[in-house]
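Start from the sequences, fold in the hints, and give me the full structure.
Position one of the sequence shown corresponds to residue 1 (our numbering), numbered consecutively onward.
Since the hints were made in silico from the structure, they are not lab data. Any given hint could turn out to be false.
Claimed, not checked - Keeping only pairs whose Cα atoms sit at most 27 Å apart, straight-line, the calculated BS3-like set for lysine-lysine is:
no.: 1; residue 1: LYS115; residue 2: LYS30
no.: 2; residue 1: LYS21; residue 2: LYS115
no.: 3; residue 1: LYS118; residue 2: LYS21
no.: 4; residue 1: LYS21; residue 2: LYS105
no.: 5; residue 1: LYS30; residue 2: LYS84
no.: 6; residue 1: LYS98; residue 2: LYS30
no.: 7; residue 1: LYS84; residue 2: LYS98
no.: 8; residue 1: LYS105; residue 2: LYS84
no.: 9; residue 1: LYS30; residue 2: LYS118
no.: 10; residue 1: LYS115; residue 2: LYS105
no.: 11; residue 1: LYS118; residue 2: LYS105
no.: 12; residue 1: LYS30; residue 2: LYS105
no.: 13; residue 1: LYS84; residue 2: LYS21
no.: 14; residue 1: LYS98; residue 2: LYS118
Stated by the list, open to error - Across the chosen pairs, the derived CB separations fall in these ranges:
no.: 15; residue 1: PHE18; residue 2: LEU131; range: 35 to 41 Å
no.: 16; residue 1: PRO151; residue 2: MET10; range: 43 to 49 Å
no.: 17; residue 1: PRO151; residue 2: ILE120; range: 32 to 38 Å
no.: 18; residue 1: ARG149; residue 2: GLU54; range: 23 to 29 Å
no.: 19; residue 1: SER25; residue 2: ASP143; range: 30 to 36 Å
no.: 20; residue 1: ARG157; residue 2: ASN81; range: 21 to 27 Å
no.: 21; residue 1: ALA42; residue 2: VAL78; range: 41 to 47 Å
no.: 22; residue 1: PRO144; residue 2: HIS116; range: 38 to 44 Å
no.: 23; residue 1: ASP65; residue 2: SER25; range: 27 to 33 Å
no.: 24; residue 1: ALA42; residue 2: GLU102; range: 21 to 27 Å
Note that the structure is predicted; figures quoted are calculated from it, not measured. Backbone N, C-alpha and C define an ideal beta-carbon position, used for all residues, glycine too.
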Amino acid sequence: MAARGGSTRMREWWWLGFDQKLPISPEQWKPYDPNVQYHLTASWNAMLMEDRHEGILLDLAVFTDPPQPYQVWRGDPVEVNNQKEELCGHLAIAGYPKALWELPKQMLPASPASKHGKVIGGFYQVHQDSLQDLEALHRYLSDPNSPSRPPGLRNPRRRGHLD
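This is the structure we're talking about:
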């Protein structure tokens, strides 16, 4: 979540707990530790300076104690072409509907930044053991040949995320 205060920009970073489905209750949002928020902001600013808008943002294990086995990524929406999926014809980020990042203010965290700032969507957390599963899920969802879900395809451990 980004809010502008005068000439400075304050960012708040939140991850979505519990079910990753609409509707979202504001209590589902959990803020990151201030140290992690600092590093997320620095990493996002570096990505912007490099003109990158997707990819890994931060490995949380380096900045958490005990180390959390999650990474924060930003992805662009992809069209779901697999006709066997409920999301077919819609845009998805990390296998979730893009609408999860386009929430009305009443579903955002109870924070001044969320009420007056601008939400930057497309961020998500993924467990380090689920990176390959997420890549396989992306391939499956975007496949216009509409294959059946592969028997070994596990649901990646991931969460929605806001800046």
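| request: Go through the numbered hints given earlier and state which of them the structure violates, listing their numbers in rising order. | output: 5, 8, 15 and 21
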